[in-house]
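Protein chains: 2
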Amino acid sequence: MNVRSHIAVIRPLKEEDLVNGAAANHKQPTADQFKISLATVNSDADLEELYMRKRSELIAKERSLRFDAAKNASLTSDEQKANQIISRIRKAESDTKWDVAHEMHTFSGMPFYQAMDKMHSSALFNVIQKMPKGALLHCHMDATVDSRFLIARAAVTPGMHMRASQPLDSVASLREATIQFMVLPPDTTEVSSDNIYESSYTPLAWVPYTLARATFPYPHIWTPDGDDKVLSHLIPPPTAEVSQEEQQVLAFESYVQSLMTMAPTTSAEAVRNSKQAWAKFLTTFRVIHGLLGYEPNLKEHVKQMCRINARDGVRYVETRINFFLPYMVRANGQHDLTHREWVQIYDEAVTEVRQELRAEGIDFWDARIIYSTVRIIDNATLRLALEDCRALKKEFPHRIVGFDLVGHEDPGTPLKTYLPELLRFKREQSELGLEEIPFILHAGETLGDGNHTDENLFDALLLGTKRIGHGYSLSKHPLLMQLCKDHGILIEVCPISNEILGYTSNVAAHPCTTLLNNGVAVSLSNDDPCQFGNFGLSYDYFKLLVSSHQTQLSSLHVLVRQSIEFAQLDEQEKADALGKFEAEWAQFIEWIIKEHGDSD
Amino acid sequence: MNVRSHIAVIRPLKEEDLVNGAAANHKQPTADQFKISLATVNSDADLEELYMRKRSELIAKERSLRFDAAKNASLTSDEQKANQIISRIRKAESDTKWDVAHEMHTFSGMPFYQAMDKMHSSALFNVIQKMPKGALLHCHMDATVDSRFLIARAAVTPGMHMRASQPLDSVASLREATIQFMVLPPDTTEVSSDNIYESSYTPLAWVPYTLARATFPYPHIWTPDGDDKVLSHLIPPPTAEVSQEEQQVLAFESYVQSLMTMAPTTSAEAVRNSKQAWAKFLTTFRVIHGLLGYEPNLKEHVKQMCRINARDGVRYVETRINFFLPYMVRANGQHDLTHREWVQIYDEAVTEVRQELRAEGIDFWDARIIYSTVRIIDNATLRLALEDCRALKKEFPHRIVGFDLVGHEDPGTPLKTYLPELLRFKREQSELGLEEIPFILHAGETLGDGNHTDENLFDALLLGTKRIGHGYSLSKHPLLMQLCKDHGILIEVCPISNEILGYTSNVAAHPCTTLLNNGVAVSLSNDDPCQFGNFGLSYDYFKLLVSSHQTQLSSLHVLVRQSIEFAQLDEQEKADALGKFEAEWAQFIEWIIKEHGDSD
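Just so you know, the protein sequences line up as chains A and B, in that order.
With the UniProt record's numbering as the guide, the letters of the first sequence map in order to residues 1 to 600.
With the UniProt record's numbering as the guide, the letters of the second sequence map in order to residues 1 to 600.
So here's chain A without its partners, still in its complex pose (with noise of 0.2 Å):
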C-alpha cells in the first residue's frame, strides 16, 4: 500500500462527518459548522447511533493502512477461529497473570527481564513457541548460541587458558577484572603457575581454564542466597545437593557466563542508559571471542546456532559473521584459520546440521552468511573487507548473500564517510556484471533525530539497501518509511534487543507499532541471544503479540511470511519456502483449534 491509496481512504472522512471541532478549521471557527454537524440529527440516541457508524468507520480505516490487513481482510474460517482463541488467552492471562492488583509492576508488555519467568509458565507463550517461524534475518554469529554451550565446550577443549588484567583475589576484583579466554597450542610456554585467585598473581598471565574452574574459591557467590545473585533465569540453581566441588564448578561458570550475557546482577549497576548497555555488551563479545574462535568450536557453534533456532520453529537464518580479524586458531592452537576456511567450516557445519535435524523430522531451510567488517576502520581497509567479500562471494555463492558494516553505531564512522568505497563496490559490481552482493545495513540503531547514526538511515537507502538492520529511528522519518514501502524495503527489528540496549523503556514503546500501523515491512529478530536471553524467535513474537492489542495471530503470519520474502533466497528457493510455511502454518491452526478451541 503506499501513499496514494492512502489518500484514497482519508479522503471520503469529510468534515461534517465529526461531531463539531475536529471538523472546524483551527484559524476560522464558526458556529456555523458546529450547528451543520449536530443538525443532522434529531435525538440523542440518533446522535449516538451516528456517532457510534462514525467510529466504526474511522478505526477500520486507520486499520486499512496497517500491514495484515489483507490478510485479515481474508481470513479462512479456522483463522478467524484461532484469532480469537489466541485473543482470548492474551486477554485472560493479561487479566489474572499479568495486571494482577497485588502485583504492582507486573503487566504483560513489561521490561524483558522482569517478565521471564512469568513467561515461560504462560500458556501464550507455549502456543507462540510451537508458532512456525520462517526466517531469522538479523543476527551475530558470536552471540547466537546459549553461553553454556560455549562454557560446556571449554571445559573439554584441549588448550583452553584464561587470564585477568587484576588478581582475582576477591568477590569485588570479580566485577572489576577484564577476563580473557584463549586456545594454547600443546608446546606453549606462555603458562604460568600463578594462582589468579591470589594476590600474587601477575596480571594477564595464562593460566589452565581447568585449573581456574576447579579451584574458583567463591562458590556461594551466585547461588540463589549468594552475594550476587543473577537476576535472570538463565542460570538455574541446582536441583538437588550438590558436593562443594560440584558447587564450585557451577559457581565458576556462572561467573563466566554472567561475563557473557547482559542479565543483571545484584553486585552490578542497574543498567540505566543505552550509552552504559553498551559499555558492558561490548565486553561480552570479547569475552566470547576467546572461547568461540577456534576451528572445532565453531562447527558446534554454527550447528548449535541452527538446532536451537530450528527447534523454536524457525527454518532459515542469515547470519552476519564480523570478518574483521584476519584469522581464527585452528585445532593446533596456531593462529592462522583464514576467513575462506571459516566459510568452509559454516558450509560444511550447515549441510551436516540439516541431516541432522531431518533426523529430528526438522526441515531447515538453510543458514547464509551477510559478510561484516565494523565501522571502525578507514576505508583502506574496507576496501580489503570488500575485496576479500568478493573473493568469498565468488567461491561460495550461494552462502555469501550480503555485506555490512557492525558495531556500536552510534560512536561508529558513519556511512557517509564510507561512500567512496561503497559506491565504487557498486559500480565495479555493475561494471564487471559481477553477482550482485547486496547491501543489507544497520542503520538508525540510535535515540538520535537528526544526528550523524539516524543520517545513516538516508544513505543506506540510497545505497541501496535490500533491508534495514534495526531501523530504530525510521519512525520518525515519513518520506523514507514512504520509500521503504515504495521501494520494499523490510525493517529487521530487533525489539528485546533494543530495550535491553537501552532504546526503549519496554517492548510496548518500541516504534515498530508504527511501523506496523503505518504498512512497513517489518520482520523480528533476536540479534544477541547469547547475551539477551531471548533465543529463537518466540520470545520477540510473544513480546510484540501482548504490547499490542491490534495485533493478532494473523499479523504474526504476515510477519513471518515477510521474513521469508525479504530473505536472500532466489525466486524458486521463495516459492518453495513459502509453500512449505503455509502448509506448517495450516498444521499450527489445526493445533490451536484441536487443543485451546474447547471454550469458544
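Rather than coming from a laboratory, the hints here were simulated on the basis of the structure.
These numbers come from a predicted model, not from an experiment.
No incorrect hints appear here.
One copy or any two copies: either way a pair holds, since identical chains are not told apart in the list.
Once the Cα atoms are required to be at most 35 Å apart in a straight line, the calculated DSBU-like pairs of lysine-lysine come out as:
1) K118 x K81
2) K299 x K280
3) K280 x K130
4) K118 x K416
5) K416 x K61
6) K416 x K97
Chain A is fixed; fit chain B onto it per the hints.
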C-alpha cells in the same frame, strides 16, 4: 501541510535517483534497473558527486515535512546567527560536558533526574531559561507549584493537622504509612494527644502539624549522608551548620516533600515501569490535597503558579482543575467552600498576581481554567459535572475555557463509555445556542496499541477535541495524525512527565519527534512539575533541543507560537499575544547574539 502536499514532495523522487536496489521493486528486481542507475556516471568522482546531490535533496525533502519547515525557510540573518550560536553551544556541551569518556552514563538526552545536576550548570539551559515561552497549555492545578511552597505555608496555617495509617515508630514505617494532612476548625474535638512517632499512636488519629514537625525523631535520614538520601537535588542540603532542632525540621519537611514528589530516594524501590510509577504518583495528590485544599492556600497557590511560570518566560497558563470533590476547606475550617468560590478565588488571584508581576516588569497575559473531573465516575455523575461546568462558564466566561476528564487513563473509564453524556452536552450546547465549552481531552497516555486507552484518541477526535492532552500513542496512528493536521488539532506533549511516569526511557526516545517530523502541531507542557521537578517550561524545551539535532532554536520559536495559536484566546487576544511574543523573541535573539556571539 497536508497529505496532498506530501505527495507532491515525494513524487519527484524517481527510481533512477537511487543507486540500484532501493529503486527496484522487490518483487521484480532486474539487472536492467541496476545498470541504468549507474550508467549515467563515468567515474567514481561523478558517482560520488551525483550521490551527494541526491543525498542533500532527500534530506531536504524529508525536512520539508517538518513543523518548522516554513519558519526555517524564512529566517532573518539574526535568526540564522542565533541558530548557529545555539547549535555551537549544544555541540560543545555535548562533547565536553555530557558525552565525556570517563562518565559512562551521561549523554545530553539522558534521563531527567540523572541529568538535573548537569543541566543546572549548562550554558544552553541558561539560554533556554531566558527564552520567551508563550503559553503553558497542559498542567494540573494541584501539581503546578514547588512542594516547598505548600510545606512552608503548612507551618504557618492555623489548624493544620496530620495523621498516619500506622505509628511512625521506625524509619521503615515512614515509607509504609499513608500520610494525610487537613485543616480542622478551631473548635474541633478530633485532635488526639497521641505521639505519632510512638507505637502507642492510634492509626488515623489527627495530631497538630506543628508538633509533628518539631518532634520528628529521624533528623539524619534525609541528609546527604543519611540512610535515605533523596537522589534529586530538589532538597539542597543546608549550606551552613544547623542546630539539632533545625535539622529535625529540615528532615521532617524533606520527608513531607518526598511524599509529594517522584524524585527517587535511596530507600524507596526504583520505579521500573508506568504501572508502578502511577501507584506512587496518585499518592502524591492525596498528600497535596490536604495542604492545598484550603481557602487561603488556594489563592496563594494560584499566584505562585503564575509567578513560577512567568519568571521562566511563560506568559499565559491554562490550568486543569479537578472539580471532583464538591467542597474545599474554608478559612474557618468548615468544609463548604464551593466550586463557584474556587473560581472566584482563582479569578482574584490572577488579577492580583498580574499586577504584582507588572511591577516586576513582566506582562503576564492570563491564566484560565479547563474544568476537569476524573475518569472514575459514572454517566450520572458526569452529567452533574457538565452542568456544574456550564454554570461556572456562565458566571465566569473568561475563566472557564474547556472541559476534560483526567486521572490515570489506562485503568480509567474509556471515553466511549461517556459518550451518552458528552454527546448530549454537545447537542444541548448547540440547540440552546450557548457559548461553546470545547472539549480539550486527555487521550492516548498509554503504551498500548489498540487497547481502550489508545482508542480514546479516536473518540477525542470524533468528539471534536480542540487539542489532545498527551497523545502519547498518537504517533502510532498515521490516519489520526493526518486528521490532527487537516483539522488543526494540537498535541499537548509532556515529555518529562511521560519519562517519569514510565512511558519512555528518556525524552530522546519520546514519540514527539515523530509528531514534529510529520508536521503535527505540538506544544510542550510540564503536566505536574510539583511531583516531577520540571518547573516552568525550560526543562522540557531543553530536553527536546538536546535530544533532536533537527530541532533548532528557530524550531522552538514555532513551538512557542503554536502554544499561543492553540490557546483558548479570542482572535483579538491571540493577535495581541502573538505580537507581544514576537517582540520578546526579537529581544531574545538580540541578547543571544550579544551574549554568546563572540566566537561566531
